[in-house]
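Taken in order, these protein sequences are the chains called X and W.
Throughout, this note's numbering is defined as the position within the first sequence, counted from one, plus 25.
Throughout, this note's numbering is defined as the position within the second sequence, counted from one, plus 82.
Read the hints as simulated data drawn from the structure, not as lab findings.
Just so it is clear, CB atoms sit at the ideal spot from N, CA and C, and this is done for glycine as well.
Accuracy of the hints is not assured; some may be wrong.
Coverage of chain X stretches by chain W, computed from C-beta distances (three or more under 8 Å per stretch; other residues unrestricted) [what the hints assert, rightly or not]:
(1) 79-89
(2) 97-109
(3) 126-139
Under 7 Å between C-beta atoms, here's a sample of chain W residues computed to sit facing chain X [stated by the list, open to error]:
(4) Leu91
(5) Leu99
(6) Thr101
(7) Ala167
(8) Gly168
(9) Val169
(10) Glu171
(11) Arg172
(12) Val175
(13) Pro177
(14) Val178
(15) Arg180
Each chain, written out:
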Amino acid sequence: MIQTRGLRKSFRSRAGRETKTVEAVRGVDLSVAEGEIFGFLGPNGAGKTTTLRMLATLIEPDGGEATIAGADLRKAPGEVRRRIGYVAQGGSTWDESTAREELVLQARLYGIGKAEARQRASRALEAFQLAEFADRKCKTYSGGQRRRVEIALGIIHEPKIVFLDEPTTGLDPQSRAHMWDEIRRLRTDGMTVFITTHYLDEADALCDRIAIMDHGEVVAEGTPADLKREISGDVVQVGLDITTTPQAAQALDGEAYVRKLETVDDGGLRLYVEEGATAIPQILRRLDQAGLALHSIELHRPSLDDVFLTKTGRSLRES
Amino acid sequence: MKLARDTWLIFQRQFQLLTRNPVWVFVGVFQPVMYLLLFAPLLKPALNAPTQAEAYKIFVPGLLVLLAIFGGLFQGFGLIAELRAGVIERSRVTPVSRLALLLGRSLRDVVSLIVQAVIITLLALLFDLRVVLGDLLLAYLMLALIALMTSAVSYGVALKVKSEDALAPLMNTVAQPVLLLSGILLPLSFAPGWLQGIADWNPFSWAVDGTRALFAGDLGNDKVWQGLTIIAVLAALGVYWAARQFARSVR
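Starting from the given sequences, assemble the full structure and let the hints guide the process.
Printed below as a string of structure tokens:
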């Protein structure tokens with residue numbers, strides 16, 4: 026559905042008298058299959074939105090190529106526009122208009138006739154449970170209601186692919202769960218969904234496949250399960266004082282059962298081990314021998330954050 | 083065909099929002115009305131005009147051009163609000179014509195200007211202003227072209243600067259000398275030679291002269307076609323430039 030090769034974009038920003046070139050996206054290769062929910066995971070500023078905006082024809086890439094729903098992004102952006110829907114992060118509804126007016130207008134901007142546009146608007150209002158306040162001004166809506174109007178606007182022309190930029194940012198947990206259901210329903214309706222998110226649980230629970238992005242590059246791509254399996258084994262997190270952390274690292278580094286060892290910034294260690302249950306007693310014994318006291322010890326299965334950590338050297342929660 | 087349809091869609095939407103809040107048309111007309119009621123009476127003695135009607139024939143066209151310039155130049159503020167709400171981006175992901183995104187909005191501004199111009203003209207009739215209908219319509223055409231140009235330029239600049247804080251001083255800086263150099267409040271025939279020389283380079287000065295000739299019933303005056311041509315060319319350039327801003331990336 027989407028194929029990209031070497032997609033690049035840099036911006037010039039001015040800080041005082043100097044102009045600096047910021048490479049927002051440095052060569053992104055992606056392939057998204059038909060009918061999947063594809064997630065773009067990464068911290069803020071990783072280049073997710075820029076990539077999305079390039080794919081949605083809103084900004085022109087500096088280099089690289091992309092085919093979207095069979096249309097060439099560089100050569101036929103008009104054709105791409107007809108086949109995709111795009112829902113921006115910051116909203117797209119006008120306070121003084123009603124949801125119905127917005128939907129009819131949006132459909133008509135896609136070249137749909139008046140009668141058909143009205144029908145589609147009514148159907149969308151039903152489907153997104155907006156019918157009740159369809160004729161009230163958008164400024165009266167709650168955050169979740171407004172987000173639903175925006176998604177409805179993005180798919181009013183029945184696109185093959187819909188891009189959703191951070192669809193659940195700023196929503197309360199209940200609206201968020203509701204939004205996940207809506208997004209899954211889009212897939213059921215046969216659409217390919219491309220979302221960006223910086224929520225690990227969202228990428229994990231919602232997406233069929235994800236690409237992890239950092240500093241303008243894709244550092245990993247696959248299903249959440251595969252990515253987690255890649256860093257096989259368990260993670261043992263040991264809580265230590267920041268002063269004793271280096272000694273503990275020295276004591277445990279090189280032990281046969283420790284496959285990888287990382288220092289946590291505010292004290293403590295993160296150990297990647299084959300099997301947590303057998304490793305923990307050995308870790309405790311070793312630290313005891315070295316005369317080091319620990320605050321806590323935790324065992325967990327690798328999460329997407331661990332994937333992020335192994336690929337980028339820092340935690341997504343910290344960045 | 084597609085351009086006409088798209089322009090109509092955008093115009094309809096913008097016009098509907100305007101009629102939902104028509105108070106802005108009257109806020110816009112308030113200041114010129116004040117000039118008409120509180121400033122214009124000073125003009126008969128000041129200009130040495132034989133009658134009050136003569137003084138209005140000189141003043142009202144200038145006032146209308148002023149309204150067209152300012153009404154247009156400050157439309158960009160509305161666009162920045164739309165930009166911030168994401169409405170522009172939402173339009174730009176559709177295949178809608180980029181020129182239509184501009185024209186639909188500018189035409190709404192032209193219509194609202196003409197409504198204001200009619201209000202002013204009707205009020206001026208109460209002060210014994212008389213003007214031939216055909217000439218008046220041509221004068222309205224001039225005003226429409228001015229508003230089309232200034233609103234297009236304002237939209238283009240708004241898309242470039244993207245912030246009210248930058249747009250307001252920018253537009254004021256442009257508007258002030260343009261206003262003073264166009265002989266709107268008093269005819270530039272009073273001006274010393276050097277000032278007239280500078281004013282000759284101000285297209286709005288030509289527009290004011292042309293509009294005044296029309297109000298004076300002097301249709302054959304060269305100033306009429308010269309003013310119309312200059313403004314029409316500039317309006318076309320303004321629209322072309324601003325439409326390119328709509329097509330370019332908005333970040």
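Restraint check, 7 Å cut-off on beta carbons, for W/Arg180 near chain X: The hint is violated - W/Arg180 has no Cβ within 7 Å of chain X, the shortest such distance being about 11 Å.
Can W/Leu99 be said to touch chain X, with a Cβ gap under 7 Å? Since the shortest Cβ distance to chain X is 6 Å, the answer is holds.
Quick one: see if chain W covers the region 97-109 of chain X, three-plus residues with Cβ-Cβ under 8 Å. With 4 residues in contact (Cβ-Cβ under 8 Å with chain W), the coverage given for the region 97-109 of chain X holds.
Against chain X, with CB atoms and a cut of 7 Å, does the hint on W/Val175 hold up? 4 Å, holds
Should the hint that W/Thr101 touches chain X count as held when the rule is a Cβ pair under 7 Å? This hint is violated: W/Thr101 lies away from chain X, its Cβ roughly 11 Å from the closest one there, beyond 7 Å.
Would the hint on W/Val169 stand, with a C-beta cut-off of 7 Å toward chain X? Holds - the Cβ of W/Val169 comes within 7 Å of chain X, reaching about 5 Å at its closest.
State whether the coverage of the region 79-89 of chain X by chain W holds or is violated, taking the criterion as 3 or more residues with Cβ-Cβ distances under 8 Å. With 5 residues closer than 8 Å to chain W, the region 79-89 of chain X meets the three-residue bar; holds.
Classify the hint on W/Pro177 as holds or violated, based on whether any CB of chain X lies nearer than 7 Å to its CB. The hint holds - W/Pro177 has a Cβ within 7 Å of chain X, the shortest such distance being about 5 Å.
Status of the W/Arg172 interface restraint (C-beta, 7 Å, chain X): Status holds, d = 4 Å.
Against chain X, is W/Val178 within 7 Å by beta-carbon distance? Interface hint status for W/Val178: holds (4 Å vs cutoff 7 Å).
Hey, does the W/Glu171 contact hint survive, CB to chain X under 7 Å? Because about 5 Å separates W/Glu171 from the closest Cβ in chain X, which is inside the 7 Å limit, the hint holds.
Can the region 126-139 of chain X be counted as covered by chain W under the rule of three residues or more with Cβ-Cβ separation shorter than 8 Å? Check passed, 7 qualifying residues.
Of the numbered hints listed earlier, those contradicted by the structure are 6, 15.
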